[in-house]
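J.: Just so you know, the sequences run in chain order H and R. Per full-length UniProt numbering, the very first residue in the first sequence carries number 1; after that it's consecutive. Per full-length UniProt numbering, the very first residue in the second sequence carries number 1; after that it's consecutive.
To be clear, the hints were calculated from the coordinates, so they are not data collected in a lab. Just so it is clear, the structure is predicted and the values come from calculations on it, not from any experiment. Hints may contain errors.
[What the hints assert, rightly or not] What the simulated footprint calls covered on chain H by chain R, stretch by stretch (three residues with Cβ under 8 angstroms from a Cβ of chain R suffice, anywhere in the stretch; the number is not a length):
#	segment
1	47-58
2	143-149
3	269-276
4	306-318
5	330-336
[What the hints assert, rightly or not] Computed from the model, here is a short list of chain H residues facing chain R with C-beta under 7 angstroms:
#	residue
6	79
7	97
8	263
9	265
10	322
[Unchecked claim] Short derived list, chain R residues pointing at chain H, Cβ under 7 angstroms:
#	residue
11	81
12	84
13	86
14	90
15	102
16	272
17	276
By construction, the Cβ of each residue, glycine as well, lies at the ideal position given by its N, Cα and C atoms.
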Amino acid sequence: MRLRFPWTTNCGLFFTRYEEDQAFLPSRAAKIKVLCLFALLLALPWLVGPYPLRIASQVAIMALGAVGLNLLTGFAGQISVGHAAFMGVGAYAVGALTTKLGLSFWLALPLGGLAAALVGAFFGLPSLRLKGLYLAIATLAAQVILDFAFVRLEPITGGAAGLVLTPPSLGPLSLADDTVFYYVTLALTMAGVIFALNLSRSRVGRAFMAIRDRDLAAAMLGVDLFGYKLRAFFLSSFYAGLAGGMLAAYTRVVTPEQFTLDVSIQFLAMIVIGGLGDVLGSVYGAAFVSLLPIALSYLAQALQGVLPQMVNLLSACQTALFGLVIILFLIFEPQGLAKLWRHIKDYFRLWPFSY
Amino acid sequence: MFWQLLLTGLAIGSIYALVALGFVLIYKASGCLNFAQGEFLLLGAYVALTLVTTYKVPFLPAVILTLAVAALAGLVVERLVLRPLIGEPVISVIMVTLGLSALMRGIFQALWGTDTRVFPPIFPQEPVSLGGVSVSAVYLWSLGLAVLLLLLLSLFFKFTTTGIVMRAVADDQQAALSVGISVKRVFGITWAIAAVVAAVGGILLGNINGVNASLASLGLKVLPVVILGGLESVPGAVVGGFVIGLIESFVGGYLDPLVGGGLREVVPFVILLLVLLVRPYGLFGEEIIERV
Chain H
1 MRLRFPWTTN CGLFFTRYEE DQAFLPSRAA KIKVLCLFAL LLALPWLVGP YPLRIASQVA
61 IMALGAVGLN LLTGFAGQIS VGHAAFMGVG AYAVGALTTK LGLSFWLALP LGGLAAALVG
121 AFFGLPSLRL KGLYLAIATL AAQVILDFAF VRLEPITGGA AGLVLTPPSL GPLSLADDTV
181 FYYVTLALTM AGVIFALNLS RSRVGRAFMA IRDRDLAAAM LGVDLFGYKL RAFFLSSFYA
241 GLAGGMLAAY TRVVTPEQFT LDVSIQFLAM IVIGGLGDVL GSVYGAAFVS LLPIALSYLA
301 QALQGVLPQM VNLLSACQTA LFGLVIILFL IFEPQGLAKL WRHIKDYFRL WPFSY
Chain R
1 MFWQLLLTGL AIGSIYALVA LGFVLIYKAS GCLNFAQGEF LLLGAYVALT LVTTYKVPFL
61 PAVILTLAVA ALAGLVVERL VLRPLIGEPV ISVIMVTLGL SALMRGIFQA LWGTDTRVFP
121 PIFPQEPVSL GGVSVSAVYL WSLGLAVLLL LLLSLFFKFT TTGIVMRAVA DDQQAALSVG
181 ISVKRVFGIT WAIAAVVAAV GGILLGNING VNASLASLGL KVLPVVILGG LESVPGAVVG
241 GFVIGLIESF VGGYLDPLVG GGLREVVPFV ILLLVLLVRP YGLFGEEIIE RV
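So here's chain H without its partners, still in its complex pose (with noise of 0.2 angstroms):
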């Protein structure tokens, strides 16, 4: 008679090697449980209906681009309020090559990431000398001159009124097709998280951590401060990048309204309510903060007939109701969701006994 949760994987995991505790999937039950997960993504298409597809697909995308965000500040601690802005230099190269240069989609996403990868890199270059606070003001300065790039620039970004793309098309199959469309972006923020997880355990990812937590000590341990610092701005901007340029698919136009400055800001939020230095996390996080306004406008319809007043609030209440969670999470759960998660599962592995 076993008193074990039948749920839980991890008890009875005892690792003797570093390599062992260190290893992807460390044991066989969460080998099954990623499978299982990545099944169910899969399936989605034949789940859900066309638009809770598109929405996923949305998530995906913004999922993309907050692990990008979070290698920058979770896990290198440096902060930037202008990740939208290096987003947009994705979307907007990746708009004017092929509309402008005719070039194909699947050579131009590459190029997107790596011009924003670029852009991002040189306003990271005040990071040698800037820190903390300093450098998310130098940030903020980034994203404002970027958004005035992207309005007066206009042989390249068409100004206000933005670019319009031809939905790409990967050999027979047309990308304007949600399904199609779900299972790149799918296949990219998969990438993505992959590329990050595996990052996060490299020596890479370990040098970046020590300068988060303190880089005098990390200098001192013979981290080249300011080469990891490019580096993640580079590596931050490049996911941004990639993302921008599957935004620019998905709304098949680029326009500057999609990468103010409340987009930065959102996605600080998601990876702040997802869990900073969590990969995982920022999923979870893109995923509540782009789900909350759709959830509540939802909740406004189907109050339409207690409190009609509500659907003309709504704009309000959602930014009143994202600035809320904001607060409410980082004073009650500083390590956002993830760590929601962690203690949940928690409760089921320790079943019955609570401590």
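Fit chain R to the known structure of chain H by using the hints.
T.: Chain R in isolation, oriented as in the chain H frame:
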């Protein structure tokens, strides 16, 4: 043209200086960068406007009531939102003020909608002629009021016990604690004062431009000001305010017609980046020396 732009720049700059002062006070006392400063501006403008237009309160009592409301709001925010985060990393404190700004913006939108509202004429409408330059009276009033308030505040910090206590806390929290100063109380007072100066800025700007949610964007415009002056420096905030106000005014007057607008919003941030590259702690900021 030149004198016109100079006076406008000084007037706007004086308001920047006021708002930046609130920013710097909070930063000095508690090391927290308040991204919601713009929303406190909006709070002052909306409350004053409602009192004057809806409840027909005369302007002066309305302003005093508004300042009381702002001070209370500052205290409440400090107690409920900021105090639980004392000692948390920088990113948490930045994020919580960003969240606060979203929360306040949402509440204001629910209460006052999105239309631009205008104050009933309070300052004389006809422009004042100053040595051949005609300036609208509101600008002169705001310049005068802002300078007066800055003087009052510097006297407050110099001579009153509360002011001295606040300076002590800003200087060294542990030393302040050890001589029996309640640092928490000082944080509260700091937020109240910052909210009050922001509200004054909001009322003045509301009289110049009308009141709508875009007024809150001033909270971000103040960042170049405080960086230019240095985050820890009160005189720096004042100097930075006037400098950025003048630069904006001149860029708006001379360069914007050449490129078709929008440059005045960006140039302060370009200056910010340049200042940060050359002097990472601003013009008057406290240089932290670290060696490896």
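J.: Now tell me, hint by hint, if it's right for this structure.
T.: Structure-based check of each hint:
1. Figure legend: the segment 47-58 of chain H, annotated as covered by chain R; annotation inconsistent (0 residues with Cβ-Cβ distances under 8 angstroms, at least 3 required).
2. As drawn, the segment 143-149 of chain H meets chain R at 3 residues by the rule of a beta-carbon pair under 8 angstroms; at three or more, the given contact holds.
3. Check on the segment 269-276 of chain H: 3 of its residues sit with their Cβ under 8 angstroms from a Cβ of chain R, so the three-residue criterion for coverage holds.
4. For the segment 306-318 of chain H, the assignment as covered by chain R holds, since 5 residues bring a beta-carbon within under 8 angstroms of that chain's beta-carbons and 3 suffice.
5. For the segment 330-336 of chain H, the stated coverage by chain R holds: 3 residues have a C-beta nearer than 8 angstroms to a C-beta of that chain, and at least 3 were required.
6. The restraint placing residue 79(H) at the interface with chain R holds, with a minimum CB-CB distance near 5 angstroms, inside the 7 angstroms limit.
7. With its C-beta approaching chain R no nearer than about 26 angstroms, residue 97(H) sits outside the 7 angstroms limit, and its interface hint is violated.
8. Annotation: interface hint on residue 263(H) violated; nearest CB of chain R at approximately 13 angstroms, more than 7 angstroms.
9. Annotation: interface hint on residue 265(H) holds; nearest CB of chain R at approximately 5 angstroms, less than 7 angstroms.
10. Hint status for residue 322(H): holds, given a least beta-carbon distance of 5 angstroms to chain R, under 7 angstroms.
11. A cut of 7 angstroms between beta carbons decides the hint on residue 81(R): the least distance to chain H is about 6 angstroms, and the hint holds.
12. Checking residue 84(R) against chain H by beta carbon gives a least distance of about 5 angstroms; that is within 7 angstroms, so the hint holds.
13. Taking 7 angstroms as the C-beta contact cut-off toward chain H, the hint placing residue 86(R) at the interface is violated, the least distance being around 11 angstroms.
14. At about 5 angstroms, the closest approach between the beta carbon of residue 90(R) and any beta carbon in chain H falls short of 7 angstroms, and the interface hint on this residue holds.
15. Given the 7 angstroms rule on beta carbons, the hint for residue 102(R) holds: about 3 angstroms separates it from the nearest Cβ of chain H.
16. Satisfaction of the interface hint for residue 272(R) is found here, the shortest Cβ-Cβ separation to chain H being roughly 5 angstroms, below the 7 angstroms cut-off.
17. Checking residue 276(R) against chain H: minimum C-beta separation of about 5 angstroms stays under 7 angstroms; hint holds.
When held up to the earlier numbered hints, the structure conflicts with 1, 7, 8, 13 and fits the remainder.
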